[in-house]
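Protein chains: 2
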Amino acid sequence: MSFNNNLKNKCLDKNNRLCLGLDIDNELLKDSSLEYMEAYIKDIIDATLDLCPVYKLNFAFYERHGHQGYKILENIAKYIDNSAITIADAKRGDIGNSSKYYAESIFEHFNFDSVTVSPYMGYDSIEPFTIYKNKGVFILTLTSNEGSNNFQKKMLGDKELYKYVIDLSNSLNTRNNIGLVVGATNVAYLTDVNKISKSLPWLMPGIGFQGGNLKESISIGEKNFLPLVNVSRGILRSGDGSITSIRNATEKYTGKIREIL
Amino acid sequence: MSFNNNLKNKCLDKNNRLCLGLDIDNELLKDSSLEYMEAYIKDIIDATLDLCPVYKLNFAFYERHGHQGYKILENIAKYIDNSAITIADAKRGDIGNSSKYYAESIFEHFNFDSVTVSPYMGYDSIEPFTIYKNKGVFILTLTSNEGSNNFQKKMLGDKELYKYVIDLSNSLNTRNNIGLVVGATNVAYLTDVNKISKSLPWLMPGIGFQGGNLKESISIGEKNFLPLVNVSRGILRSGDGSITSIRNATEKYTGKIREIL
Chain L
1 MSFNNNLKNK CLDKNNRLCL GLDIDNELLK DSSLEYMEAY IKDIIDATLD LCPVYKLNFA
61 FYERHGHQGY KILENIAKYI DNSAITIADA KRGDIGNSSK YYAESIFEHF NFDSVTVSPY
121 MGYDSIEPFT IYKNKGVFIL TLTSNEGSNN FQKKMLGDKE LYKYVIDLSN SLNTRNNIGL
181 VVGATNVAYL TDVNKISKSL PWLMPGIGFQ GGNLKESISI GEKNFLPLVN VSRGILRSGD
241 GSITSIRNAT EKYTGKIREI L
Chain V
1 MSFNNNLKNK CLDKNNRLCL GLDIDNELLK DSSLEYMEAY IKDIIDATLD LCPVYKLNFA
61 FYERHGHQGY KILENIAKYI DNSAITIADA KRGDIGNSSK YYAESIFEHF NFDSVTVSPY
121 MGYDSIEPFT IYKNKGVFIL TLTSNEGSNN FQKKMLGDKE LYKYVIDLSN SLNTRNNIGL
181 VVGATNVAYL TDVNKISKSL PWLMPGIGFQ GGNLKESISI GEKNFLPLVN VSRGILRSGD
241 GSITSIRNAT EKYTGKIREI L
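Line order of the protein sequences matches chains L and V.
Count the first sequence with the numbering used here and you get residues 1 to 261, in order.
Count the second sequence with the numbering used here and you get residues 1 to 261, in order.
One chain only, chain L, in its complex shape:
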């Protein structure tokens, strides 16, 4: 089955579009040991797996612990296995030869279901990831940060740079396994993205802590194909940060999403 269909099925099965971002800050941990960190993440997964179709792991939060952080990434990807879709939020992208090794790493060694990639280096930096048809590739398009104004929204000839990135994404989608990263903080742009993003799933960061609009993101994304609403800090830092608080926040977001659907 193609990645995009598998992703959609998982979302329909759980009647949800929530992607829980497992971005573990030190402040979230009662105990600074890496054993505790790993156990804590597994507890979060156990407490939310019936609701969450997708988990995203931003590598930055693991890499700062060096090789031991990568060991945790290996363990967590294995722990989730086929019970939910995993996104390696690693923002990779290099010349073809190197991207081939990154694809091998993330899809074969770590066994993630999908990855985020940066488009700056062009088609041959992304292509090596796309040849795995059951694995997904989310291409940075319109990001949720202020710096998205520097280049992404600038006119490049007749249209904005991010629209050229969507054109490239469409042309790379021959295996139905490409998605776009579209910040939910860019609601004004979502309608435009929808016009040219042909049935691609959107990974939408920026909800919660960054203040993105949940309702608009879901309704426009749903019209396109599938919106994945990523929430990290908005859930992990809710209440007293206990597993119960995280469960409650996950239920609350799920409830809001189901209402909109």
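Take these hints with a grain of salt, some might be off.
One copy or two, it doesn't matter: identical chains are merged, so the pair holds either way.
[Stated by the list, open to error] The calculated lysine to any residue pairs, modelled on SDA-like cross-linking and capped at a C-alpha distance of 20 angstroms, are:
id, residue 1, residue 2
1, K252, D46
2, K159, L12
3, K100, Q68
4, K14, E259
5, K215, R258
6, K100, G66
7, K100, R237
8, K133, L168
9, K71, S33
10, K100, E146
11, K223, D13
12, K153, Y164
13, K153, D124
14, K71, E38
15, K71, Y189
16, K100, R64
17, K30, N9
18, K100, L28
19, K8, R175
20, K153, R258
21, K154, Y164
22, K100, E27
23, K71, H109
24, K100, S32
25, K71, E35
26, K198, Y79
27, K78, N134
28, K133, N15
If you're looking for bench data, these hints aren't it; they were derived computationally from the structure.
Assemble the complex: chain L is given as a structure, and chain V must be docked to it using the hints.
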């Protein structure tokens, strides 16, 4: 001392501009164990350290071995320590909060001297790396691959996208620690880059295997501030791949560079 001055001093001390890329393919190894791989890299460093001011480690070649590959990165960075400049060729770039952790990882945990970053997400994805004034940040500008034609060379208003990236790089260079990645396969563009790249060092991949022009790269880069000519496969795969062959190829490239200087 600022990173760029430290880098220049190391290059002047060794009268060289060669950056040896330690991209270790399996094919290069007589024994597929990671212990052998680490020992082989250390042997290469021992055999070339009197000539090489800079070593670049592309993370793709290590990450495909998972957490054990990252362990090797930790060990190699420690092994080189202050005897040469190290570049973490990791092409990072994320929202500010995550980039801060990547900077912590690469500069504090792994203790690399510098990093390569992708500019697609804009200024706030790069800034967290730049606050370490003794550490360097090489920003992808004009890369050596074919995909550099997709976006980098396209007109964005009055000038090409890569020139806007250079403007941003200049404005981020308040601590004299920014550099540009400029492919040596883009000789036709080097004169243009030189016009607007104000005294930034250039990291120049594409020499050797990819067919870039050594003479032009060095003479134009030297006019600007400092060209770092990266060679990976062109040295690692020379002759029979033995340490003696690698030493000989390093001497050959050094000889050519010194002749041009």
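Let me make sure I understand: some of the numbered hints might not hold for this structure. Which ones are they, in numerical order? Checked against the structure, the hints that fail are numbers 2, 15, 17, 20, 26, 28, while the rest are satisfied.
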